[in-house]
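Top to bottom, those sequences are chains A and B.
Numbering-wise (our numbering), the first sequence opens with residue 1 and increments by one.
Numbering-wise (our numbering), the second sequence opens with residue 1 and increments by one.
Hints listed in this document are in silico derivations from the structure and should not be mistaken for laboratory results.
Even glycine gets a Cβ: it sits at the ideal position worked out from N, Cα and C.
Incorrect hints may appear among the rest.
[To be verified] Now the stretches of chain B that chain A is said to cover, found in silico as 3 or more residues with beta-carbon under 8 Å:
#1 68-78
#2 356-367
#3 372-379
#4 425-432
[Stated by the list, open to error] Far from chain A, some chain B residues (derived; all Cβ distances over 12 Å):
#5 ARG114
#6 ILE172
#7 GLY318
#8 GLN343
#9 ALA454
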Amino acid sequence: MANVTTIHEDDVLINEHGYNDHFHDHHHGDKYQTNFLTHYVFSMDHKMISKQFLITGMFWALIGAAFSVIFRLQLGFPEQSLAWIKPLLGKWIVIDPTTGVGTLMPEFYYALVTMHGTVIVFFVLTAGLSGTFSNLLIPLQVGARDMASPFMNMLSYWFFFAAGIVMFYSLFVSTGPFAGGWTAYPPLSALPQASSGSGTGMSLWLISLILFVISVVLGGTNYITTVLNLRTKGMTMWRLPLTVWAFFITAIVGLVSFPVLASGFFMLITDRSLGTSFFLSDIFISGQALDRVGGSPILYQHIFWFLGHPEVYIIILPAMGLVSEVMSVHARKPIFGYKAMVYSLGTIAFLSCIVWAHHMFASGINPLISNFFMTFTMIIAVPSSVKVFNWLTTLYRGNIRLNAPMLFALGFVTMFISGGLTGIFMASTPIDIQIHDTYFIIAHFHLVMGVAAFFGMFAGIYHWFPKMYGRFMNEAMGKMHFWGTMICAYGIFWPMHYLGMAGVPRRYYSFDAFESFKHFSEMNKFITIFAIAAFFFQLLFIINFFYSIWHGKKVKSKNPWGANTLEWTTPIHAGHGNWPGNLPIVHRWPYDYNKDEREFVPQHIPLQPGERSDGEH
Amino acid sequence: MIYFIALAIIFLLAVIVIQIGKLSDLTARIKGEEEAQYATNRTQGTALFIYMIIFLIACIWSGWHYRNYMFGYGPLKSASEHGYDVDLLFNITLVLTGIIFIITHVLLFWYPLRYGGRKNQKKAYFFTDNSTLEFIWTGVPVVTLVYLIIHGLIIMNNMFPTLTEEDKYIEIEATGYQFAWDIRYPGQDGKLGNKDFRLIDPASNSLGIDWRDEASTDDIVLGGTDKIMLPKDSLVKVRITAKDVLHSFFLPHFRVKMDAVPGMPTSFIFRPVKTSKEFRDELKKYPEYQVPADPKEPDGQKRWESFEYELACAELCGKGHYSMRRVVEVVEREEFDAWLKAQKPFYVANVRGTANDPWAGKKLFPYEIAARREELKKEVDDYVSDITGSVSDIIILKNVFYETGAAELNSSLSKYELNTVAEIMRRYPTMKIELAGHTDNTGDATSNLELSKARANNVKEYLVSKGIDAARLTAKGYGQDQPIESNDTPEGRNKNRRTELRIISK
């Protein structure tokens with residue numbers, strides 16, 4: 001290998017595309033982004049839109065996390081006065097006139113639980129994760145100037161923004177925000193008599209989420225079209241980085257399932273407002289028998305989970321893609337089993353669409369149907385374990401850089417394993433009957449799709465921050481953030497398994513009424529303390545993020561991580577259009593790390609004579 | 001002020017953290033980026049390895065520490081038959097996943113230390129794929145999962161059997177509503193009567209039971225705080241329904257959970273295998289159950305003594321979701337049967353004889369017939385044995401009915417009362433009685449008089465047909481002249497329309 005002629009990556013760009021971005025490393029304006037408004041607000045540049053998604057997502061993450069801290073205070077320290085938070089929550093904190101102790105009203109406790117779920121699942125882990133990174137990375141990594149439709153892309157963000165405005169407004173209505181759980185099962189969600197939050201709060205919730213579905217559909221159509229049509233020359237499907245594969249498959253799953261949710265929501269709206277009975281039957285409430293018969297609440301559950309289950313994969317698949325890429329770059333090693341990774345992504349996505357009723361084993365569906373859904377749910381463990389073993393083998397004999405993005409990628413894998421394995425318990429109907437709607441399921445899904453997805457997102461943010469802002473995030477703060485978050489996440493969710501096994505149900509405002517559930521106050525305190533600590537570690541991340549935008553260490557070379565994918569061939573501050581000259585041409589798959597004595601070989605470097613191309617055979 | 005201090009502290013902490021960050025950036029620059037990265041790889045790799053050890057120990061230790069809350073161990077062993085299978089499957093799954101958990105975590109946290117980038121270290125191994133490895137880690141999970149699926153399906157299908165008449169099971173009904181459970185037992189006929197949400201009346205019929213269904217007339221509805229009684233070792237089928245929103249019938253100790261859905265009754269079948277007392281006796285063995293149940297009362301009941309099986313709601317149903325508790329008590333079958341027999345059917349206690357009773361004047365229930373027979377005999381006996389003269393000689397024949405507006409006896413209903421009268425007449429062979437007909441004041445007084453005479457005569461004829469000497473019986477009609485209640489109300493008029501028996505001589 002001694003006589004291999006090393007080709008410098010800039011030489012290729014100069015030779016093939018007639019420019020050297022070393023001389024163009026400054027900000028470009030263009031005719032679409034002439035003023036502040038079109039540049040920063042109504043931008044059609046996918047890179048700006050991705051930042052908008054990210055920062056909006058962070059705003060919602062902060063709110064969602066704050067909600068969880070408040071309801072954890074109620075669960076961990078029910079005797080403690082919450083009077084100090086009255087200035088924020090107003091009438092939802094009731095102060096005992098004699099003792100001065102402030103108590104959280106149960107109605108608002110349930111509103112907090114509901115909003116925590118809704119906000120984190122949809123606004124943070126769908127829009128904030130998939131929206132941010134699909135936008136940032138799809139055009140950059142497939143070698144496109146922008147999305148197929150930049151205008152639709154902009155609309156996608158603004159529909160999301162509008163959804164956020166409506167949801168935010170709903171927090172302040174006098175009857176309270178929706179309080180029937182993020183799954184919004186009717187009849188509770190359909191009847192304002194059943195819960196005060198099911199009045200105006202629920203109407204706004206539905207409007208908000210329908211706007212959100214529009215956002216997802218606009219975004220998803222764009223992502224799919226861009227991946228299929230705007231790949232640069234030489235970028236075959238089997239040369240796509242796993243990130244793009246993940247976003248592509250996620251977008252397809254989203255397009256299949258989100259419209260179904262919207263139709264379910266429209267049916268719920270007509271049940272609420274127009275007197276239909278899609279989901280209502282045989283109801284006697286508030287001293288009155290309702291004239292609404294023939295519907296079925298179970299129908300709603302089928303429709304909801306037809307989205308709801310794919311939704312958890314819509315959340316986790318992009319994180320898997322990000323982690324695969326980050327892990328390969330920082331282990332300086334090809335991702336192991338590239339094709340197996342793609343096929344397992346596809347298999348998971350396909351299976352995710354045919355297992356929805358495993359959320360309904362205890363809802364009264366026919367046991368025969370349970371057989372089917374249990375079998376397919378269990379099978380998801382196969383592609384999932386393939387992914388885990390491939391990640392582990394990627395680490396094997398690597399040359400690992402343990403910086404913040406890599407640490408979060410490792411953190412993702414541990415969370416995915418811990419939460420994923422408990423999925424095998426949940427998938428088994430007999431066991432699920434017992435632990436369904438207990439703290440066991442809380443532990444399971446928070447680890448596997450909550451914390452894990454956040455870890456994937458953090459890995460992505462720390463890794464691509466230099467691409468987004470031309471500066472690094474602070475490493476020391478990043479590591480503190482990682483360790484704090486990982487320890488706290490396990491501190492919060494590990495004990496919940498034991499609560500769940502003891503039968504403690506989720507969504508309980510207080511455990512005092514039950515002899516079987518009330519003896520866990522020490523454990524609940526423990527969990528709450530870790531939850532508060534976890535919250536403060538996320539503040540650390542936010543400080544780091546905004547501090548680094550303006551004061552972070554500057555990126556000096558355009559490929560600081562020594563990565564192979566195309567986004568690192570753009571100028572440090574890429575303008576609208578991404579590449580100042582011609583688009584790069586792709587000659588190889590993105591995982592040629594430490595091949596033939598070369599530490600990394602970016603995708604646009606041509607194969608040397610006699611060089612074997614990997615990953616595509 | 002407190003808010004200000006809190007904000008100031010947070011701000012100061014932020015500043016400190018930023019300074020730490022800056023400082024580490026600076027040291028990295030002094031050391032050189034590469035060197036700094038190597039140092040980081042070493043410290044972070046070691047930290048991950050140490051974390052792995054502590055984490056795995058914590059997982060195993062906590063599992064051991066909380067073993068008494070886990071399935072199939074210690075005090076929370078299942079109290080139902082199928083629960084043993086569930087617990088077994090849980091533990092098999094726990095072992096299998098536990099092995100994978102430990103292997104993957106050891107590799108995940110050891111590799112970064114072992115393969116962390118070091119100075120002068122050889123480059124990474126270019127290793128793109130390997131079909132054998134992929135085959136192994138696809139194949140092993142497939143085999144494991146096939147086993148878990150088959151075992152799970154077998155248990156599950158046993159949990160949801162199709163019951164036939166031959167399975168001697170007890171069907172009870174649980175109805176969830178905001179925010180409590182109503183429990184209904186089938187009574188002696190073993191059948192739960194129909195119900196319809198349109199019939200619900202919070203005051204008199206909170207379940208909407210259809211009293212026109214005879215099976216419902218002996219149904220027992222438990223009072224608000226009564227324990228749900230279940231017999232040990234008998235198959236129990238719970239029919240689960242809801243009135244308003246979704247609820248879920250959750251008996252954690254029995255591994256039972258099923259949603260209550262308005263408009264779609266669901267069910268769960270299980271067999272309790274331990275009485276509450278047996279369960280308490282087992283708890284006694286565990287030190288954590290030897291502490292006072294209420295920490296404020298150190299001398300009060302111990303935890304094992306105050307233990308009860310509990311029913312909880314496991315589907316969010318509104319602001320009171322967390323308070324839908326009911327106590328379940330499992331007793332021996334004989335005790336259960338005795339308890340059930342002692343319960344008064346809801347219909348008998350609250351509906352019979354009220355305006356809501358669809359069977360008023362249409363049906364007499366065996367228990368009513370038997371009770372009335374005893375009552376009537378006692379009234380006559382009391383008169384006969386009385387020496388003070390204070391007992392009235394007039395006895396109202398409550399259960400004598402006529403066809404509406406006519407004089408003909410409704411003999412299918414009246415026969416019980418009149419047969420008793422015949423029996424009494426045989427018992428006191430010298431007794432002479434007068435049979436008196438009375439009406440209310442609706443209609444024409446003359447025709448009322450005729451009607452009452454005709455009715456009294458019909459009663460007399462019936463008794464004669466039963467072998468009573470006509471000479472001992474006098475039939476008289478009084479029309480509307482002798483009301484015993486006001487004729488202004490329907491209830492009063494109802495009472496005034498009556499047939500009386502007056503004992504003329506003992």
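Hints and how they fare:
1. Counting residues of the segment 68-78 of chain B whose C-beta lies closer than 8 Å to any C-beta of chain A gives 4; at least three are required, and the coverage claim holds.
2. With 0 residues having a Cβ less than 8 Å from any Cβ of chain A, the segment 356-367 of chain B misses the three-residue criterion, and the hint is violated.
3. With 0 residues bearing a CB less than 8 Å from a CB of chain A, the segment 372-379 of chain B misses the requirement of three and the coverage assertion fails.
4. For the segment 425-432 of chain B, the assignment as covered by chain A is violated, since 0 residues bring a beta-carbon within under 8 Å of that chain's beta-carbons and 3 are needed.
5. Its closest Cβ contact with chain A, about 9 Å, brings ARG114(B) to no more than 12 Å, contrary to its assignment away from the interface.
6. Every C-beta of chain A lies more than 12 Å from that of ILE172(B), the closest at about 17 Å, which supports listing it as non-interface.
7. Distance check on GLY318(B): its Cβ comes as close as 5 Å (rounded) to a Cβ of chain A, failing to clear the 12 Å threshold; non-interface status is violated.
8. Consistency note on GLN343(B): stated as away from chain A, and its beta-carbon is indeed over 12 Å from all of that chain's, at 25 Å minimum.
9. The Cβ of ALA454(B) sits about 45 Å from the closest Cβ of chain A, beyond the 12 Å cut-off, so the non-interface label holds.
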